[in-house]
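Top line first, the protein sequences correspond to chains P and C. In terms of full-length UniProt numbering, the first sequence opens at residue 1 and continues consecutively. In terms of full-length UniProt numbering, the second sequence opens at residue 1 and continues consecutively.
Hints listed in this document are in silico derivations from the structure and should not be mistaken for laboratory results. Note that this is a predicted model, so its numbers are computed, not measured. No false leads were mixed into what you were given.
DSS-like, lysine-lysine: derived pairs with alpha carbons at most 25 Å apart: (1) 124/C with 137/C; (2) 137/C with 80/P; (3) 80/P with 124/C; (4) 15/C with 80/P; (5) 227/C with 258/C.
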Amino acid sequence: MFAIARTELTQIFRNRLVLVTSFIMPVAVSAFFIYRHDAFASFASLGYIAAIVMFTVGAFGLYTTTVTTLASRRQNLFLKRLRSTAESDAGILSGLILPATVIAAVQVAGILTVFGVVAGAPSNVPLLVVAVIAVIAMMIGLALATAGVTNSPEHAQVTTLPVSLGVIAVASWVGITGTEELTMLKRLLPGGAATELVTNAWNGGVALSDSLILLAPTFAWVVVAVSFAHRMFRWEPRR
Amino acid sequence: MSTTPVIEVERLNLKYGDFHAVKDLTFEVRPGELYALLGTNGAGKTSTLEAVEGHRTPSSGTVRVFGHSPGDRRAVRPRMGIMLQESGFSPDLTVRESVGLIGRLTRRTDDVGRVIDIVGLTGKAGTLVSQLSGGEKRRLDFATAVYGTPELIFLDEPTTGLDIQSRDHLWQAVDRLRENGSTVVLTTHYLEEAQQRADRIGLMHQGVFHREGTVTELTRTLPSVIKFTLDGPVPALPLAATVGADGAVLVETFGLQKDLNLLLAWAQDNAVDLRDLSAGPTRLDDVFRAIES
Numbered sequence: 001m002f003a004i005a006r007t008e009l010t011q012i013f014r015n016r017l018v019l020v021t022s023f024i025m026p027v028a029v030s031a032f033f034i035y036r037h038d039a040f041a042s043f044a045s046l047g048y049i050a051a052i053v054m055f056t057v058g059a060f061g062l063y064t065t066t067v068t069t070l071a072s073r074r075q076n077l078f079l080k081r082l083r084s085t086a087e088s089d090a091g092i093l094s095g096l097i098l099p100a101t102v103i104a105a106v107q108v109a110g111i112l113t114v115f116g117v118v119a120g121a122p123s124n125v126p127l128l129v130v131a132v133i134a135v136i137a138m139m140i141g142l143a144l145a146t147a148g149v150t151n152s153p154e155h156a157q158v159t160t161l162p163v164s165l166g167v168i169a170v171a172s173w174v175g176i177t178g179t180e181e182l183t184m185l186k187r188l189l190p191g192g193a194a195t196e197l198v199t200n201a202w203n204g205g206v207a208l209s210d211s212l213i214l215l216a217p218t219f220a221w222v223v224v225a226v227s228f229a230h231r232m233f234r235w236e237p238r239r
Numbered sequence: 001m002s003t004t005p006v007i008e009v010e011r012l013n014l015k016y017g018d019f020h021a022v023k024d025l026t027f028e029v030r031p032g033e034l035y036a037l038l039g040t041n042g043a044g045k046t047s048t049l050e051a052v053e054g055h056r057t058p059s060s061g062t063v064r065v066f067g068h069s070p071g072d073r074r075a076v077r078p079r080m081g082i083m084l085q086e087s088g089f090s091p092d093l094t095v096r097e098s099v100g101l102i103g104r105l106t107r108r109t110d111d112v113g114r115v116i117d118i119v120g121l122t123g124k125a126g127t128l129v130s131q132l133s134g135g136e137k138r139r140l141d142f143a144t145a146v147y148g149t150p151e152l153i154f155l156d157e158p159t160t161g162l163d164i165q166s167r168d169h170l171w172q173a174v175d176r177l178r179e180n181g182s183t184v185v186l187t188t189h190y191l192e193e194a195q196q197r198a199d200r201i202g203l204m205h206q207g208v209f210h211r212e213g214t215v216t217e218l219t220r221t222l223p224s225v226i227k228f229t230l231d232g233p234v235p236a237l238p239l240a241a242t243v244g245a246d247g248a249v250l251v252e253t254f255g256l257q258k259d260l261n262l263l264l265a266w267a268q269d270n271a272v273d274l275r276d277l278s279a280g281p282t283r284l285d286d287v288f289r290a291i292e293s
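Same shape as in the complex, but just chain C (with noise of 0.2 Å):
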């Protein structure tokens, strides 16, 4: 597989009127990865997504896709299968010609039932758009997206509004795709996907890069917690330790394991019952508050 980025974007910057949405944003996705870019509302990621996709025009730096300027429909977009955040379908279409429509624009080929069977449409296909659920909405969007099983994804908030079975035929598909080569690029508020998926992450936060690497790289950055409450008053602890608001006792550690069984050995000399005790690595959720912070 080519280690050439299929995209590359430098020093994009994104702004609406007096407002800069996107600022000096540089990074690259390389074949065959999933790369999630998360982030808070009103991060920018949409923007950006939007600017690689060749939605939006950026205000300045450059954006490449398979080499080319996201603007060249007829060079990318055969290349690429893009899910938006919103449907975007028309009313009065039914399922199998918004599918046949949108997979004969975008030049590749492929079998229109095989495509509405993927995301589990086949009992819809001769249902009009107007008639679907926003479930039923996202997953038309999704099989548009996969139509040709094209060499760059991009998903854009993928599983709102669907049900766990649905988001797991979703993933499925992916996983597939993935199997098959194509490179995933994906925004999403669940974040629990994003860690169980993700090669690589963007985070952002008001236009900018916070922290950018694999899912390890950002949460080893932060210590992870290890938490119990006391009956009665505090006493010396072997470990450093500060009292949260709730009362609970908080212990931040970059060495989970050995202090742990340090905390445990410690209780149990001295007779010390940690109720509810709780400890466990750092989450992506944590690396997002404390950006937010």
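Bound conformation, chain P alone (with noise of 0.2 Å):
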């Protein structure tokens, strides 16, 4: 698994254009997150930059590269060769998923914590680390299971496009306008109850009891994610 990691992390560096798209413009966008954040606070709130943050390098730094990455080497038939070795298709999808999963994670966690110096810290750390990993699982899963639909990287533009911009568009909602009203509709969408327990754990002033009942609808979309990516997920190109 970390052979494999190894190389994919050598070849991310290689290729400049996944370099640019996938890990230094989620990081300029955040940056401006940042940097403007007492406007997008006034009509939301911090806890809603820590979402967005989050959820723009979970889309663009992790569940793109890694659609791209698996159809590329799939189309390519790397995967085939990976799989003629003694390593376990487990090990194999560990060790090209982990080099854009851990750039990712050290991105929202780096992001995070200068946002947290720059606007004060969030309220419940552990909470917020458990909705980031929570976050993070469910976009390696749905980036399995677009990658079963995908056929190449440029075709990844296009599929990788309503899951990327759907999660965005529903961490804005939840976040701007809050889950007072259709308070079911946006726990039960994808991100949505993540994005209402980043809220909270980085607003705080909200019972911690609230919050983990925010858990089971995060946890299920990894369940679903998974779920769907054990289906859809293919090996070999389709003949």
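Given two chains presented individually in distinct reference frames, assemble the corresponding complex, making use of the accompanying hints.
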């Protein structure tokens, strides 16, 4: 697994397009949110900025990169090549997605740390960490599922749009308008409960028991994403 | 050397939807032999090979490699090297990185530089795969297959796209592996390679085995052909003959030397000029064509 991860990391740094679009752009967008945090906090909250930063990195840094990587590796039969070795399927997949996952986690941690220093620390750090982990797990599951219907890296530019734009739209809707109205719908949408969880963790003022309830739909989406991945992921190109 | 078969395939069936690609295939590959799986396009040989390699799950039947299911990667893969039909390398990795990665994942040990040298890519060790020619990618593929000198090597169309010199180098490397006791399973469209090198051959057509055996066993099922042309009308010949569409006289025989002598003596005695005379043993191509027709 680690041998595969090491070569994946090498390839990420050799491919400038992936490096810029998937890792530098999310950081730049996040930097803009932090720089203008007063403006965004005036119509939403600081917690909303934390959530939108997390989903921006999750959607573009992790989800899109993972789908593109897997589609590319399958298209040029690299996945089949890896499966001709003694490495297990789980080890192969873990190795392929580990670098993007670690980079995304480090990005989110770094950006939120800077945000905390600039705008004030979050109220409940452990809850925030749980929310970040759940979102990363959900985005990986959705990436594996989306890779199943993505034939090529070029195709990934289209197939990743619904989820990446969708989760950011949900995060913005929930983060800006809150969940007083349409509570059930907002919490059941992918990323809705996670956004509320992050907002609560950052802003505080909400009973822990009320926040813990949000873990149920958040982890339910992880299960749904992994289930989709299990059904839809393919190792070889369609013939 | 053990006589237990390295590969045992029993009543293998592979289906893709309604298409029955491989039907009730049974064969075995013995230790140390070079077994060639040959067939027409779409005969099912790559599907069969993939089932034996563990890349495809049989619809029914059993496949055992070293006594294990080929899907048991930890047990089987460290002992086998696989040269795929298509490249399957990441374009952003170098030759050295590609061999090192795949080699390490096979759980065998070897020196990456040595393996790269075997396939003549030492000068390209630091070159990205995306910058290799088609032939160089085939050689890279071969390098990963022979990394660590595996006991069993699958070669799927190994010489396609290679120049003559590279082919010779590849076969020399295969010969050295066989001297070390490796078993080789080969598919190829170059029948002369199989004819020269295979210990046994399985001939597939439309998903089934039509014939299996040594080259001698396969070719002796068909007659040899003596071919010549004559000026003017065909006289009474000493052997049964037919006239082909091009006007050539064809004599089919299972006793080539005896009948050729007879024919030459007759021509001498009757002052007949046998123009464009040719005669040769039955080749694998002829067996192949007979199956196709």
